[in-house]
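Chains A, B, C and D, in that order, give the protein sequences. Here the first sequence is numbered in the UniProt record's numbering, starting from 1 and rising by one per residue. Here the second sequence is numbered in the UniProt record's numbering, starting from 1 and rising by one per residue. Here the third sequence is numbered in the UniProt record's numbering, starting from 1 and rising by one per residue. Here the fourth sequence is numbered in the UniProt record's numbering, starting from 1 and rising by one per residue.
Derived from the structure by calculation, the hints contain no laboratory data. A quick note: this is a predicted structure, and the numbers were derived from the prediction, not measured. You can trust all of the hints, since none of them are fake.
Some residues of chain A that are not near chain C, with every Cβ distance over 12 Å (derived):
| id | residue |
| --- | --- |
| 1 | Asp69 |
| 2 | Gly91 |
| 3 | Lys199 |
In silico PhoX-like pairs for lysine-lysine, Cα to Cα no more than 25 Å straight-line:
| id | chain 1 | residue 1 | chain 2 | residue 2 |
| --- | --- | --- | --- | --- |
| 4 | B | Lys378 | A | Lys378 |
| 5 | D | Lys215 | C | Lys278 |
| 6 | C | Lys173 | C | Lys215 |
| 7 | A | Lys199 | B | Lys378 |
| 8 | D | Lys173 | D | Lys42 |
In this text, a Cβ means the ideal position worked out from N, Cα and C, and glycines have one as well.
4 protein chains.
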Amino acid sequence: MTQHRTLTAVVVGTGFIGPVHVEALRRAGIHVAGILGSSKEKSQRSADALGVATGYGSLDDVLADGAVDAVHLTSPNRYHFEQAAAVLRSGKHVLCEKPLAMNSRETSELVQLSEASSCVAGVAYNIRFYPLCHEAADRVASKDFGTTLHVTGSYVQDWLLKETDFNWRVMAKDGGELRAVADIGTHWLDLVQFITGQKVVSVCADLQTVYPVRKKPVGETTTFSGGDQGDTQDVAIATEDAGSILLQFSDGARGSLHVSQTTAGRKNCLRFEIAGSKQTIAMNTEQPNSLWIGHRDRANETLIRDPALMTGSAASIASYPGGHAEGFPDTFKQLFRSFYGYIAAGDFGAPRPFPTFQDGHREVLLCEAILESHRQRKWIDVSE
Amino acid sequence: MTQHRTLTAVVVGTGFIGPVHVEALRRAGIHVAGILGSSKEKSQRSADALGVATGYGSLDDVLADGAVDAVHLTSPNRYHFEQAAAVLRSGKHVLCEKPLAMNSRETSELVQLSEASSCVAGVAYNIRFYPLCHEAADRVASKDFGTTLHVTGSYVQDWLLKETDFNWRVMAKDGGELRAVADIGTHWLDLVQFITGQKVVSVCADLQTVYPVRKKPVGETTTFSGGDQGDTQDVAIATEDAGSILLQFSDGARGSLHVSQTTAGRKNCLRFEIAGSKQTIAMNTEQPNSLWIGHRDRANETLIRDPALMTGSAASIASYPGGHAEGFPDTFKQLFRSFYGYIAAGDFGAPRPFPTFQDGHREVLLCEAILESHRQRKWIDVSE
Amino acid sequence: MTQHRTLTAVVVGTGFIGPVHVEALRRAGIHVAGILGSSKEKSQRSADALGVATGYGSLDDVLADGAVDAVHLTSPNRYHFEQAAAVLRSGKHVLCEKPLAMNSRETSELVQLSEASSCVAGVAYNIRFYPLCHEAADRVASKDFGTTLHVTGSYVQDWLLKETDFNWRVMAKDGGELRAVADIGTHWLDLVQFITGQKVVSVCADLQTVYPVRKKPVGETTTFSGGDQGDTQDVAIATEDAGSILLQFSDGARGSLHVSQTTAGRKNCLRFEIAGSKQTIAMNTEQPNSLWIGHRDRANETLIRDPALMTGSAASIASYPGGHAEGFPDTFKQLFRSFYGYIAAGDFGAPRPFPTFQDGHREVLLCEAILESHRQRKWIDVSE
Amino acid sequence: MTQHRTLTAVVVGTGFIGPVHVEALRRAGIHVAGILGSSKEKSQRSADALGVATGYGSLDDVLADGAVDAVHLTSPNRYHFEQAAAVLRSGKHVLCEKPLAMNSRETSELVQLSEASSCVAGVAYNIRFYPLCHEAADRVASKDFGTTLHVTGSYVQDWLLKETDFNWRVMAKDGGELRAVADIGTHWLDLVQFITGQKVVSVCADLQTVYPVRKKPVGETTTFSGGDQGDTQDVAIATEDAGSILLQFSDGARGSLHVSQTTAGRKNCLRFEIAGSKQTIAMNTEQPNSLWIGHRDRANETLIRDPALMTGSAASIASYPGGHAEGFPDTFKQLFRSFYGYIAAGDFGAPRPFPTFQDGHREVLLCEAILESHRQRKWIDVSE
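Just chain A, with the same shape it has in the complex:
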């Protein structure tokens, strides 16, 4: 890892996920030169709070800083396209939070830009980087698992349960026309496609807006902090709070996914169950240190996240021994170790062990098919 230490990053965005990136970059041994908020003042305040040297004034300032190797984009979704394009054009590496952009026209353009550039571009589908998710992928690929038969699961939360819960993400113009599917469903879809090595090729969706009108508090709000906040105003909501989607995979497997941001008691609960012709693999990322392996003819297994018991690729992204639980922040550390390790190694023709702009583009195509399916009340194939 010696090579990583000279690499330098800047984080764009000071909300919930920006500081998560800062901390994880430090753990991965990457120097964080600064942070960029929606104003110079916000940048500085955040830089102070995080102990980061520079609060930048603008993205241009960041891109002009020759000491910066890579830029992390954790800004609101609607800025991703413009910012990612600018970073790539400036010749810096870019790691963008999902969704990569607001629609497939934009993501397609970003894919082209990234392919034309000599820079490395990634999307922060961090959940893959729970070590047991890598383990699941290795196991599904093995003979012991057999053929994938069906893939089911859900990603459910409760932070938008109440009519009075509000966040920029609920507004189509800020977060996009899809919300629960785009915010959390795409994590699930990326994950199961990563694990199974199959693509979702056709979808049939039924989405649900629990509150067509929400009570927006007057003043600012933060992700994952609901609660009663005084005066409110009515705001019409077009994005979905929940939904279920039937899935067909490229190799014939079937499946279904349920997403919801209105399931009381589930804080951030991603569950999958992948049934193969010989085994089943299941996991709940709220308990990311155990993987369930189901058997027909012998006792079921629960694998603890223990490097001594895992496959090579999974063990390589687990820093702590078995029984020493790792968690959500560790996924970012491991994603960044992977991303910067690839940059440091310097062979950009090698396969990329992290989610790329192509992956990010495909997720947006999937979202578009899901929305279309919901609107037309029929099966829709995912375009390529």
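With chain A fixed as given, assemble chains B, C and D onto it according to the hints.
Chains B, C and D in isolation, oriented as in the chain A frame:
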């Protein structure tokens, strides 16, 4: 319960579930006069094994026996219609295993017959009779739960995982055109409709036959006993091994269900998660002694099946104190206590606290809509 | 099982556990001729409620009834000695609830009586008859498990948590000088000795009476039904509510046990963890359908109570397929199937597959050593 | 937190836990100036691997470095006394891994030294810093919990299960006369004393050396990495692999603890169950994101580690929203935030919100009483 003891039942069917009925009838204090198999000899052998007095020679013999109050039908599905009709016409009460019959024409006729008769007719959707399922129904009906938003879950097993697993239920001509949905999916559908008090009104299904050809062993086989059994012959299979279904409920709730008989490691696993506007209720019937109650603003709860902590209707079907686990056989005991208690009470105008032929009919209508939806690849409304 | 059906039993005792015996006897195919309470009237009332033919007037009446093969004693502990002796002297088989008697002088005499008689005598340590407890015993005996290193666990309840909780069992004169240890601790001790095949040979105990004075309600009370019951009177309590005990086993293994009837939220929770030199076996009888098997060099396992996956002796006491949960009432059914199967087989020189009076005697010796150890604050060897 | 960023630390020790400190210091915003191993070369190799500027040549070099504010001691136990004393004498703050030193004479001297100095001295009982452990402490202190009745639990691992497992910790001369109790038991004892606010005042212990002789590999070994390593030599072992201890607390509560490093399948499993007169609190640190709260008269609760649902002190050490699992590495980050926050605040008369040398001293006194109790086979009071 003093009155129950004079009631007398006969069980038709000697397979897996017939003896389950015999044992549960005894626990419920009902006299079991005899059993009927597919031959006089089979009847006698089963009667001997179970310590039951009479091995009947035919259904006619049973119906001619004046000492018999009620007949339980646990024969293969294709006999249900004819047998149930005969029992009702003979003036005896009838409790039929599900599905009530092979199609809605038959079940509709049975509903009419039962309504015209002075007898009591029930269908053995026993899963409702886990005490915590009654508890769930009472809680969903309470103000604390709010409105039902979405209902998701699955019913998965692994006893038909292998190409060499075979049973009469896989053959459309014996079990019906639907299999996984009919055998286990209907239990789930009955259960969530019972709990929510809502009807499923529209469905969109995608079914999957994992093995279009199975290896049938030459010789006899038994439900829940797979394994390698020597010589086999290829048999074409038209029924589904698995499937996912989108659901719309009468009051606007949405949902999805996954069923499978090919999920390694899940032996008989029914899970539901019912999200309300204030709480979520979830359960896994493989652990039927605990009910999960999810909250947004306080700690989640796990309710143990403890009569001291449950609602009246749930406590009334729990025989043992908290911590003394009850299980699958207890559901039949409680269903039968309910069914015979109703008969003993004698007021047949009172609401029936057990699943009726009307419920059984509606499940068949649901199955027909699901099959139609799968075939047409579109949403289908459930007819009334 | 054909032979069982002619055997006839009578149950002595009409409290919580008497009716449990009645129901389980019926499931096991044993005819229950009648029940005996503390008065002819109570006997009759209970007989009516349970649908049993005879409410006996006295134990003498029961013993004089030539149709009765066996007598079950579920009366208060202080009657066990006299009643068990009378049953044996009358030439009938006897199954006694634990503890077998009030002290080792009594239990020793009962052992001698039973050995001198031609009758079969058992003690109702039913917990052994969870199928997965038999499975655990078979696994501990196998090479895969290695040597037993240490055995730890607890048996905790909460039904005596409050100062106002009262029951005859808290009074030393009715239940014996030990309470939590005798009522539940002995179940744990019997179980781990059954599973490991080792005897506890030395103990060091520290017992705790949380409430030296309890508020006894004026009027009658029932086991497992706490709650506020109006007027109370202060009663001095000498028996323990909780305690911890260090254990040494005959083959060198060590261990510890905690018992409590004052652990809020644990209703009837028996847990053990038996560490061998190659595997660990753990279980919680509140979830009696799964057994945990711990491994050092591969994933841990959870075995579902599935006859298809269990050893012969465990499968033989499991009536239902995997995933169809069994529970507490099933343990009595299986114990009685074992007891009456042995009687029916008629070879009384064969090893007894159920707990005997010798086992019951040894538990009382253990209790005496535990009490002595607590009082002397030192290690005490268990006498033979 | 702005103030923290100028504080600078050096870590002594390059084994398993040294790098854990480095990473957590970075997350807490503390500058890590360098690392010290057992040789200049080892220091440099470790510094390179971790991306730390300086590989020091000796502790004297570290103490002579004016830029260093605090020194973390993660060296083998036998060096702690000498090193901690030297750091304090040099006028730097010190955070020492547990145990604080090899015996109470040493720890007593270190307590005096720390009290006489103007520096801040802490011991790394990190487990307190699982947010739900702070939550447990706050809840036990509240009226809702009532009086503490009994405290039970265990800390078990399997990394020394095999005769061929070897590590410096098993040798009394390197790790101390107690091993399992000192290495992991003291974490449990510190934790439950922290949570209950009570001191353990008397103990009765039974310790067990499973392998009086171990096979030491020829060559170097690492903590938490067992396995077959070629040639071995027999080494006599005096330290314990496992043990159970009866406990009496200062306010009258009783309890028991089991520790083991030979429990197959348990990787690093600390469990406690604290029964109060109104509630029970239980936790397993292998699943550190949920806390069980047991109730007698209502459903039990499971509290997710969610800052929105926790007490102030617990929420203040939780960085991520509910459902975003935190783990073992986060405890060090939070401990260091607490330690350096206290230093930065500058009021050294304020109560210290982290474990102090006094706590470390008391744990050593406890260990001495435990060892004495084991040797004398009797209860021993813990000296003050």
